[in-house]
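> Protein chains in written order, with the working numbering: chain A, 1 to 210; chain B, 1 to 253.
No wet-lab data here; the hints were simulated from the structure. Every residue gets a Cβ at the ideal spot worked out from N, C-alpha and C, and that includes glycine. All clues given are correct.
Residues from chain B that face chain A, not an exhaustive set, calculated with beta carbons under 7 Å: (1) LEU82; (2) ALA109; (3) LEU111; (4) ILE191; (5) SER202; (6) GLU208; (7) LEU233.
If you want the footprint, here are the derived chain A segments under chain B, 3+ residues with CB under 8 Å: (8) 57 to 69; (9) 117 to 131; (10) 183 to 189; (11) 194 to 200.
Spelled out from the first residue to the last, the chains are:
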Amino acid sequence: MRTLSTILLAVIAIASGVVVLLGYFLPGVPLFVNLRVAFLNWAMILAAVAVFVGIANLFSVHTQKLRNRNEAAYSVILLIFLVGAFALGLFLGPTSPGMDFVFLSVQIPVETSLMALLAVSLLYATIRLLRWRANFMSITFIITALIIFLGTAPLPFLGPIPFFSDWLRPIIAQVPAAAGARGILLGVALGTLMTGLRILFGADRPYGGK
Amino acid sequence: MSITNSYLILYGGLALLIISTLLIFTFALLRKEFPYALREIPTFARLRRAIGLAIEDGSRVHFSIGRGGLIMPWSAAGFVGLATVRRVAELTSVSDRPSVVTSGDGALAALSQDTLKASYTAAVAPERYDALTGRVTGLTPFSYAAGAIPVMRDENVSTNVLVGNFGIEIALMADAAERQENFTVVASDNIPAQAVLYAAGSNPLIGEELYAVGAYVQAGAVHTASLRVQDILRWVLIIAMVVGALLRLVGIL
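Using the sequences plus the hints, can you model the full thing?
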């Protein structure tokens, strides 16, 4: 029975993928084009439902954690705010001033603080990098980062530093950095293509199966 | 863009798809006649050792597969993460503590649960599956990172495999993992994330190395064959770019 359902799931997934591809590559065939649009609309609706599934999962994980007293404190806070924000959105509406207040006074400051923490964490990581991999590439990485910093952030009372801000930083950003980024993007595109094909053949089946 | 150009791109894409498919099947079928030697990437050798140690000391392997969702171009990185989960969770199914998968997207979490279930079923240990080991830790970038960090710290994790679509928030997770002195592999398809990972992770995978994870953890013949085709296509692209630049230089293009 399980094998049958596994095969059926694979057939549905592969057929959906093939129909969407045909709809893209055969724009003159209305049947495939309409099916492609319908399938993509369903996928978007399912993706929106998945947000709800995610919240339900978060809720059940932290409800489970309440049983362990050592881990309960953070879970209690999370659950109270989760239910509170949900109720607020449900009764006042997602665009109400109350919800705006929650986002502007809680969500954004907390995420901004984490961003600030990230800056400190990266500074520490850069120093630690020389301990892990004291090689030519690491030294190049650190020197490049320093040059970009000097060229981007104006110094107090001095303003932008000449040579770094108007000559060196633009050259590094527009020539070696842009070339490297494009190379990586091409590699990522090829990798994405191969991953998509593996899923299309059913070689990778993250849905119910292999 | 002219109609001729858009048709050229469309049919060029179709040709690329067909050629890639044929090559993948050919290489997968002829893998014994034409074996493919993967180049040595030290991170994967260390990962194999870390997985062995995790099984031996009964600690947990933590996977984080990002927040790429399922219907975006960057979702492929999450699927690579899931293929890694599928293979490594099966290998570590004999460990005292089951693997845990965190993600920042509901659909990815549902798929991670399904993948874990399939891994334990394949390892003939379906009773080891616990739905709560496939988790969403947050739906925004930083809440996801903030939710995943306690998993690394509090759940007896010895190995972290952070493979998927992440932004720069991955640096916080990588830093937390390093502070726990856990073995950590980090890879993202996002360029700013790769830049911060080079500094923040002790074992970063840069560029398209992310898409090679399946082949290196021996997830199947198709993974190795697709990596081989990826390498061939990369060389074709390099040659096409160099030839294109030369033709442009001499005024033909």
